[in-house]
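Visitor: Chain by chain, the residues run as shown.
Number of protein chains: 6
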Amino acid sequence: MSNYDNIKFIRITFPAENVAHVELNRPEKLNAFTTEMFANLGLAFDRLSKDSAVRCIVLSGAGDRAFTSGLDVTASSGGPVFSKDSDDDVARRARNIRHHIDELQYSISALERCEKPVIALCHGISFGAAVDIAVASDIRYCVADSRFSIKEVDIGLAADLGTLTRLPKIGVSYSWAKEAAYSARIFSGEEAGRVGFASRVFKSKGEMVEAALETAKVIAAKSPVAVQGTKALLDFSRDRSVEDGLRYTAVWNAAMLQTEDVGKAMMSGLRKTKPTFEKL
Amino acid sequence: MSNYDNIKFIRITFPAENVAHVELNRPEKLNAFTTEMFANLGLAFDRLSKDSAVRCIVLSGAGDRAFTSGLDVTASSGGPVFSKDSDDDVARRARNIRHHIDELQYSISALERCEKPVIALCHGISFGAAVDIAVASDIRYCVADSRFSIKEVDIGLAADLGTLTRLPKIGVSYSWAKEAAYSARIFSGEEAGRVGFASRVFKSKGEMVEAALETAKVIAAKSPVAVQGTKALLDFSRDRSVEDGLRYTAVWNAAMLQTEDVGKAMMSGLRKTKPTFEKL
Amino acid sequence: MSNYDNIKFIRITFPAENVAHVELNRPEKLNAFTTEMFANLGLAFDRLSKDSAVRCIVLSGAGDRAFTSGLDVTASSGGPVFSKDSDDDVARRARNIRHHIDELQYSISALERCEKPVIALCHGISFGAAVDIAVASDIRYCVADSRFSIKEVDIGLAADLGTLTRLPKIGVSYSWAKEAAYSARIFSGEEAGRVGFASRVFKSKGEMVEAALETAKVIAAKSPVAVQGTKALLDFSRDRSVEDGLRYTAVWNAAMLQTEDVGKAMMSGLRKTKPTFEKL
Amino acid sequence: MSNYDNIKFIRITFPAENVAHVELNRPEKLNAFTTEMFANLGLAFDRLSKDSAVRCIVLSGAGDRAFTSGLDVTASSGGPVFSKDSDDDVARRARNIRHHIDELQYSISALERCEKPVIALCHGISFGAAVDIAVASDIRYCVADSRFSIKEVDIGLAADLGTLTRLPKIGVSYSWAKEAAYSARIFSGEEAGRVGFASRVFKSKGEMVEAALETAKVIAAKSPVAVQGTKALLDFSRDRSVEDGLRYTAVWNAAMLQTEDVGKAMMSGLRKTKPTFEKL
Amino acid sequence: MSNYDNIKFIRITFPAENVAHVELNRPEKLNAFTTEMFANLGLAFDRLSKDSAVRCIVLSGAGDRAFTSGLDVTASSGGPVFSKDSDDDVARRARNIRHHIDELQYSISALERCEKPVIALCHGISFGAAVDIAVASDIRYCVADSRFSIKEVDIGLAADLGTLTRLPKIGVSYSWAKEAAYSARIFSGEEAGRVGFASRVFKSKGEMVEAALETAKVIAAKSPVAVQGTKALLDFSRDRSVEDGLRYTAVWNAAMLQTEDVGKAMMSGLRKTKPTFEKL
Amino acid sequence: MSNYDNIKFIRITFPAENVAHVELNRPEKLNAFTTEMFANLGLAFDRLSKDSAVRCIVLSGAGDRAFTSGLDVTASSGGPVFSKDSDDDVARRARNIRHHIDELQYSISALERCEKPVIALCHGISFGAAVDIAVASDIRYCVADSRFSIKEVDIGLAADLGTLTRLPKIGVSYSWAKEAAYSARIFSGEEAGRVGFASRVFKSKGEMVEAALETAKVIAAKSPVAVQGTKALLDFSRDRSVEDGLRYTAVWNAAMLQTEDVGKAMMSGLRKTKPTFEKL
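If you read the protein sequences in the order shown, they are chains G, C, V, X, P and E.
Using the UniProt record's numbering, the first residue of the first sequence is number 1, and each one after it goes up by one.
Using the UniProt record's numbering, the first residue of the second sequence is number 1, and each one after it goes up by one.
Using the UniProt record's numbering, the first residue of the third sequence is number 1, and each one after it goes up by one.
Using the UniProt record's numbering, the first residue of the fourth sequence is number 1, and each one after it goes up by one.
Using the UniProt record's numbering, the first residue of the fifth sequence is number 1, and each one after it goes up by one.
Using the UniProt record's numbering, the first residue of the sixth sequence is number 1, and each one after it goes up by one.
I should point out that these hints are in silico values taken from the structure, not numbers from a laboratory.
None of the values given here were measured: they were computed from a predicted structure.
Please note that a few of the clues may not be correct.
Which chain E residues face chain V? A few, computed with CB under 8 Å, are given here [unchecked claim]:
(1) A39
(2) Y248
(3) A250
(4) V251
(5) W252
From the three backbone atoms N, C-alpha and C, an ideal C-beta is built for every residue, glycine too.
For reference, chain G alone in the conformation it holds in the complex (with noise of 0.2 Å):
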């Protein structure tokens, strides 16, 4: 497992069999970020999509105070976005920032291009990049009196690492949603679940790592085939049509249908013992 040690910031412990805990590990800085956590929050998720033996991904903040604080501010003063280098003519500035949004785009990605289920756990503090990183997430848990917030008006800017890009597209109301990233309010994780943004509520955040846990051990003993393969369709299926929708999804499966895994898993249905896959 030395492949996952000395990532900064980013702790990686495997508490099930298949099944991996991420989290932001700058607990004494709220966790936030500065551009080398989020590269290598970007990295870990790379590199866990690619180990066949995880099968599904929990994700949370160190500490009892925040999930995240958002950018770390400080930390990113010298970078391309908040440096005011007047020699720089502003075009060259201009891509120098859209690459540096790219990049922390690609970093935060990682979770949706990442081919296992990401359940994303938030507590206390969650404001700015914790909304880019929940809504790039599958799966969103939170405990009750959390506090989130859509930060970036309140610094001048419009969010631009997810944030309005996938909100439209996670079933809550747009209304809501809205209202949400103008005003940069304070939203309560009890608002939170009422409005379906997130699909589970506790009361502490030791509660909702012991059920996100229990759900993905859930999932980690499923067929990888079939989970990883439910993923890529789901998402695919968001962005295009419902006819395009359908046909990648038969193709998907004119291969996938034929694993091994079906006759496993249709065996274990009949005879009720639990069924063992191999790797994927």
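Mind docking chains C, V, X, P and E on chain G? Use the hints.
Guide: Chains C, V, X, P and E only, in chain G's frame:
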């Protein structure tokens, strides 16, 4: 009405003027689907779509125990998906499987392709294909204690008859939908109602059928030009940009507004009488 | 402000700094729309969009009884849709109708085209065009006893001014939306809130207007670069793939992040002062 | 082969191994199309698509004078388009016409839907539907003195069976295509070849048929897994982004590359022998 | 016709029945564009689009020396693009520039938006905006010795008024188009004809204008229902899938085929007479 | 420049200011591709894309005999595609193949992803991957006697590295392209030029390289802000509607027009001097 006789496993009756009631009719097998039964479902809806005496359709499962338990695995064991014909070339099997999926998708998509509104009524066991069928319908009602499951992951495959394609587009929490699809867990009719998967929840099948027929009668009494146009325009727009949706709508209504139904409907509104609309 | 005087049927006031209040102002006719009134609504919003003194807009109906009862059928009887000019060729009438729909759509789409957030406030009768207008707005509030109806089916036509195009995209249960559209049934403000059509529900119009102005003031105090970018990026992404949404966002912010608003907003955040942003 | 007997107006022969030759066979009427003949053309290609003995199809017109002169207006005079049933409501007529166009489009799209390459051979008069059919084919050959016309404008309508849909996508000068479509002017086979509408031009029908059969034999001797995959991937990509095209291609070949045809083809290439591929 | 008087820099005449001739009319400046002239070009075409007496439009440049030399840089020096207002915030300047580009694009897109065919005639110097305008037209003719250049790279910018958007869609070699756009090199009218950028090439401007008026007269004599439908359907399909193109076409013609123009055109065809079509 | 040393099989030189020359450098094997060589090609172009000293890239094959003969089948025999690991589950093999294709596609797409123009120079044998690479380049030149083949069908598969995805979008006759792809027939450089696949044809490799370097120098002397923007906007628009292309263009240039390159370029144009542009 002999056009609807002898469609094996599918019973069609006409409980009210311009209203058809389709029943999955293999109750002794929990209305499980054979390949032939899928084809017949498609056949029935393609005929109903063309039948100008029909303006709204209610779809339910016969018997007390199930809407449908999904694919009849035993009956399907000789088909291209589950047979392991050892001589077979992988590419040729892939092509056969793809064609088989295309056919089943085509049968289920008959509900969406049908030009009249379809109200799906789920009760009891509603597994696998039950969800594919429900999401291809326009309106979903269910009984509080019905038991739903996106069951496919449990038999080693990603659902490929429409569930994964349409789930991201029916206005339910994507976090909730993904957890249901990855875990194949059972969720109740009560939960289906709470998250918006179903729009109404009832205490019993009897109560549900009665209410659905009331709704169907209301819809069937409206101008068929108006109702069928509404379905066509909603589904077209769902898959495209607002701009394309508006353009298509304008082209559609350029002809449809010339119908005499507009005059009739307005006159009836003023006179508080019940209009009669010609066949469509 | 004479730019907004003499827009017949539309009253525009400025109740707070950078906040405009638009009122449908034909209360003696339940704010029913004539063709001229549609054009004026579009005109008003196109002007507000360009007016750098305006940063958030509240839209409501004058009087106690209605947001709007929809199209004024009497006043429209001489137009291309409802007149039955017997000499007319069907294709030529179709073209005239299409142009007429295009124009009305263009007027209503002014709310979406407007670069500033629009909060629609529905009370009393909110029929037909009321829903077209509400779904073209960013945020929807309503009064609990307001009475909504997608009324078009009742006058023999499919809604063509945006309701059917935008309903599948605002994060409400598609099953609920289709039943409402097919049946033209009345639903209350309370129900609108429960399903997410409206994001807040109030006891009275007065209370709602007050709350909306509070929200508008909050939004108007934020950086206009940030808020208007947020609207543009949310709506662009809604209609496209996540991949396209992210790319467009990066190109957009490549320029926008060079604004001095970022520095001002961050400094104010640190100093706990209230920032002042330049016009946009 | 009795599957292809008795398809009225369509003659099907098998001049070489795995090659079918379809002829429009109503030479005494310049191969003009009745509604029945359109249906039969679609029927023939849908059957050929499923017939594993067929790997490439040549399509030509019987007789010396015409590929086809297009729609047989006399025979169509009782159909929904040209009849003027005075009682009829405009919306109901519109629906009937739309369904009629859908059916004719569906018949002609059978050439694109057909999983095997189709080579259309145009000679003599090639008007109206001739162009719809040609652009729905994969490969177009013609005789130098054949006379083409996008004739529809001359009978008061915009071509609706595929010409206007596919012309912008076949790699000819859009300026040339629009002039041809607006003016309904006649252009020769020589011109068709020069602008890339047809890829080969011949002196006589006999020479053209002979050359097309040679091409068809070459294609039919290749792996059908490879050839049919090539058609599917080209047409999918034509309508979508490069990114989507690449993704679909990868999913497709994930199964197809597991075919034994790859091994056979490579071995034959090394040994300079002629491979034999199993049916598909 | 006073509707077209006093459009500065744009001269409009009516050389034949139902044919308009638009001339860029600033020959002393090589027909270079000021911001006002762009707006007037858009205004002219928006009016021509609605003018039922006009059925085909020819567009050329006044004088012997140029179709247009492109943007009048001198006259534009005070505008938002080229002024360097040092106080200005980058984001605010970006928004102003974006709005300015939107406006110019909107003016040029009037040619594509215009419901009637537009034939662009290029002679002499045809730089920058000349190409933007040509590719937004339906049909392109040119003089052999005209000199084209996608000039924008030479003034430090990527062409943003349509050239780069429409070049990949007009059926010319993409390799050729990219070299022309990257290098800003001059290419002759003869070359433009050879690669399909223009569909006809002439020896002199006089000869070209005469031929274009002949083409315009042919087109203007056809049914306007048919011709304008042809333009609408070609351009809609160009940007969408074949499937969507076919569907839109069927909906369009459901109304348009009910025109009396079909009967008139067919009768004239049989009787060899010249039909007269009503205004559209 | 050590960044480009030691990229096995890929030689990179800098024959002129801001111009890179990439050579496929395995001439003793006809520049056939191993998996490593594909990866290195992608690596090279991803680095060149970020190297601000490079503004235009020429790509050719080392030696006299071939641009490239395509995949080195011998060297690939141990990879996931061609190995027949009998224990392997079909779904797991499918996933491995899909990932392998994704990787190779990603390497070749580096040419399109590269922000600078790429000129591909084809000579001698140009089979299989040669065409994938050529169509992913911006500009294609070739030698008259070079021998092209879309060779994949001859080894039992549909081309999956980009040929079938990009061929429908490069402005060549679709009829010609399909015949070439189905038949795997050899076509000459002369034919490639005639149909627009290549935009220039030369007598010898030497002459071609010389001309390409001239073109590259011309492009490299232009503003890199302008040239790279041109590439980005052309490729974005190719895959989307005209409307989306125009909008993206406006957002892009909102920042890019603020570059000082515009002022420099215009000043140089007026003064007839040669401008010097800063790195990008």
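Visitor: Next item in the hint list is A39 of chain E. Is there a CB on chain V closer than 8 Å to its CB?
Guide: 24 Å, violated
Visitor: Is the interface hint for W252 of chain E satisfied, with its Cβ closer than 8 Å to some Cβ of chain V?
Guide: With Cβ-Cβ at 5 Å, under 8 Å, it holds.
Visitor: For the hint on V251 of chain E, just tell me whether its beta-carbon gets within less than 8 Å of chain V.
Guide: 5 Å, holds
Visitor: Return the status of the interface hint for Y248 of chain E: holds when the least beta-carbon distance to chain V is below 8 Å, violated otherwise.
Guide: 6 Å, holds
Visitor: Against chain V, with CB atoms and a cut of 8 Å, does the hint on A250 of chain E hold up?
Guide: 10 Å, violated
Consistency with the previously given hints fails for numbers 1, 3, ordered from lowest to highest.
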